[in-house]
Amino acid sequence: MIELIRVSKQYDRRPALSNVTLEIEKGEFVLLMGASGAGKSTLLRMLIGAERPDDGQVFVYGKNVTALKQGDIPYLRRKVGTVFQDFRLLAKKTVFDNVALPLLVQGISAQDIRRKVTEALRAVGVEHKRDQLPMVLSTGEQQRVCIARAIVNGPVVLLADEPTGNLDPGLTAEIIELFKLINARGTTVVVATHDPQVMTQVNRRVITLSHGTLTPEKWVPA
Amino acid sequence: MRTLYYLLREAWVNLRTNRTTTMVAILTTAFTLACVGVFLLLYVNLRAAAGWLQDDIKIIVYLDDHLSSDARADLEQQLRGDHAVAAIHFVSKEQALGEFKDQFPSESHLLEGLGQNPLPASFVVTLGPAFRSLDAVKRWSERVQGMTGVAKVDYNQDWIDALAMVIRSIELVAIGIGVILSAAAVTIIANTIRLTLLARRDEIAILRLIGATTGFIRIPYLLEGAVLGGLGSAISLFMLKLLYELFRREMRTSGKLSGLDNLLAFFPMPLCLALIVVGMALGCAGSFVSLRRFDEAKA
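Chains as they are written, first to last, in the working numbering: chain D, 19 to 240; chain W, 447 to 745.
What the hints contain is simulated information worked out from the structure, not anything from laboratory work. All the pointers check out, no bait thrown in.
Far from chain D, by Cβ distances over 10 Å, these chain W residues were calculated: (1) R465; (2) G574; (3) A711.
Chain W side only, calculated, beta carbon under 10 Å to chain D, not exhaustive: (4) L450; (5) L653; (6) A658; (7) T660; (8) I663.
No experiment lies behind these values; they were computed from the predicted model shown. We treat Cβ as the ideally placed atom computed from N, Cα and C, and that holds for glycine.
Based on the provided sequences and hints, a complete structural model is requested.
Structure representation (structure tokens):
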């Protein structure tokens, strides 16, 4: 599903990723651990074509992301859901409209949009907030809306960059449970975090980055 | 359908986001395009005037004084047979003298002093509509000049050449000013769109991350540019029409050039619509410039 082959990236001659090789199978739930600046975000951004490696190759869902033309990147991103630490919701649009956005850009019919958005909101437990603006929601609810937007397309991969960074331990546990549910439906989930508490809650494969290089993997069976 | 509604709504939101800037951009574009419009209006009217003069053009073919009546009849036959000739009218030496006396009664004694009529007989020729361009008249005159029995071919060449030169000059000035001011309109609109892009850069970043194509992201901004340019162009036409009517009224009331009043014309409706479309195209160009710069800055 995801494969990185000897990937390196530098910013101003500082290595962000050094010779990283890894493979993530379809349906896996993987934690990408590491301190701030370890290269987690860079790696996730490479998976959606937002960054290009200086060396090496990145494959997602059989596509060589490094060789994709700029015009093909949006079509890759439609197969990959993304969740952000700062939610990145549109403040002037309702919850429904925020979640509908990935469907709108694909020209999906209004009827299908209504159905899929309702399903996604129900799956994350904020269906009753559909007509509210994001600003009036709690941080936990905002993150749920962000997750709903990421899964509304039925993506093959869900990437989450520090999804619990702004949440308290209780909400963190709820969000992790939500990711587990999404993963149980067959979606490959990759969660980047620096929070060791998340690792204890997930109990799955852990890939650790340190100064841009991989350290030996831990594997905690579910 | 929902996507189309979304794109139109986004364009409308963009216009409302920077209301003051939008208004300033529309008005500045309107004034800029109105300046171009003044020259265009002048050009259109002078072209029309040139057209009337060409329609009215009469070519006088002066005959040799010693031309026999048979030779004159042959020449008339040849001219009547010419496919370019629409009408022909013979003016004898006596008629020419009579016309001269009618037109210049105080000077008629000058000719009487000569003892004989010095004015030549002539054919007054009107060419067909397809042969009334300046070049066609010139070519026809040169051809007839070489015919036996023709002393001279005359038409208001100097006057028409001068008018043609004025029209060409105004055409060049209109093109020059049009290009410069159109570029100014594009810049004004580009800066307005840039402000909108900056205000909505986070939203654009999100759209990119969720798989929106470049075209999907650009459409609302191109529509916004088209609306700015189209409205600017429509307002400029309104201002021009107002100025045009004021000018005509001034001509009528002051009595100066009152004869020209009815000859003046505003842009016909198809040209007005074409100018609005041009305004929209300039607006789209402005948006495109800003979008390209915005994309390059993000790359």
